[in-house]
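First residue of the sequence shown? That's 1 in the UniProt record's numbering, and the numbers climb one at a time after it.
Any given hint could be a false lead.
To be verified - Derived pair list, reagent style EDC-like, types lysine to aspartate or glutamate, alpha-carbon separation capped at 20 Å:
| # | residue 1 | residue 2 |
| --- | --- | --- |
| 1 | K38 | D70 |
| 2 | K38 | E86 |
| 3 | K38 | E56 |
| 4 | K44 | E56 |
| 5 | K44 | E114 |
| 6 | K48 | E114 |
| 7 | K48 | E111 |
| 8 | K38 | D57 |
| 9 | K44 | E117 |
| 10 | K38 | E111 |
| 11 | K44 | D30 |
| 12 | K44 | E111 |
Hints listed in this document are in silico derivations from the structure and should not be mistaken for laboratory results.
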Amino acid sequence: VPNGGPWGGDGGRGGNVVFVVDEGLRTLMDFRYNRHFKADSGEKGMTKGMHGRGAEDLRVRVPQGTTVRDAETGKVITDLIAHGQEFIVAHGGRGGRGNIRFATPKNPAPEISENGEPG
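Use the sequences and the hints to build the structure in full.
Right, here's the structure in full:
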């Protein structure tokens, strides 16, 4: 194999966006200026087949009685009523596969990799 075999590891998963009930909050005023929440991406795969680290979840504090609805249908998804209750609003994407995953006996040094999935 010229220049050695495949070397790249898999990427880490993206972080989830999680609503957490905080009984100390009374309003959703914090959402007035920040309506979009995005968790971090996972780390890229590294050399020597090492996987990238998964991202931390983004935890958004909301008051008791917050109702989560589907933006398109208006259907209620969940009601957050208990202190400390958590609900994953958006799941993080799966990390991409590194070129080490694509090695075969016929192609021992692949030059392809796979991008991660969106969350």
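Original post:
CA of K48 to CA of E114, is that 20 Å or under?
Top reply: Holds: K48 and E114 sit about 17 Å apart, inside 20 Å.
Subject >> Proposed proximity, D30 with K44 (alpha carbon, max 20 Å) >> reply: violated, 32 Å
Original post:
Taking only the CA atoms, is the gap from K44 to E56 under or equal to 20 Å?
Top reply: Given pair K44, E56 holds - Cα atoms ~14 Å apart, limit 20 Å.
Subject >> Agreement of K44 and E117 with the hint, judged by alpha carbon distance not exceeding 20 Å >> reply: holds, 13 Å
Original post:
Given the proposed pairing of K38 with E86, does the C-alpha separation stay at or below 20 Å?
Top reply: holds, 17 Å
Original post:
Taking only the CA atoms, is the gap from K38 to D70 under or equal to 20 Å?
Top reply: Holds, at about 17 Å.
Original post:
If you draw a straight line from the CA of K44 to the CA of E111, is it 20 Å or shorter?
Top reply: holds, 16 Å
Subject >> Pairwise hint evaluation, E56 against K38, where the allowed Cα distance is 20 Å at most >> reply: Given that 20 Å is the threshold and the Cα spacing comes to 11 Å, the pair holds.
Subject >> Holds or violated: K44 to E114, with C-alpha atoms at most 20 Å apart >> reply: holds, 11 Å
**OP:** For the pair supplied as a hint, K48 and E111, confirm whether the alpha-carbon distance does not exceed 20 Å.
**Re:** Holds - the C-alpha atoms of E111 and K48 are around 15 Å apart, at most 20 Å.
**OP:** Starting from K38, check that the Cα of E111 is at most 20 Å away, please.
**Re:** Not satisfied, since the Cα-Cα distance of roughly 31 Å exceeds 20 Å.
Original post:
Under the criterion that the straight-line Cα-Cα distance not exceed 20 Å, is the pair K38, D57 satisfied?
Top reply: It holds: about 10 Å lies between the C-alpha atoms, which stays within 20 Å.
Checked against the numbered hints listed earlier, the structure breaks hints 10, 11; every other hint is satisfied.
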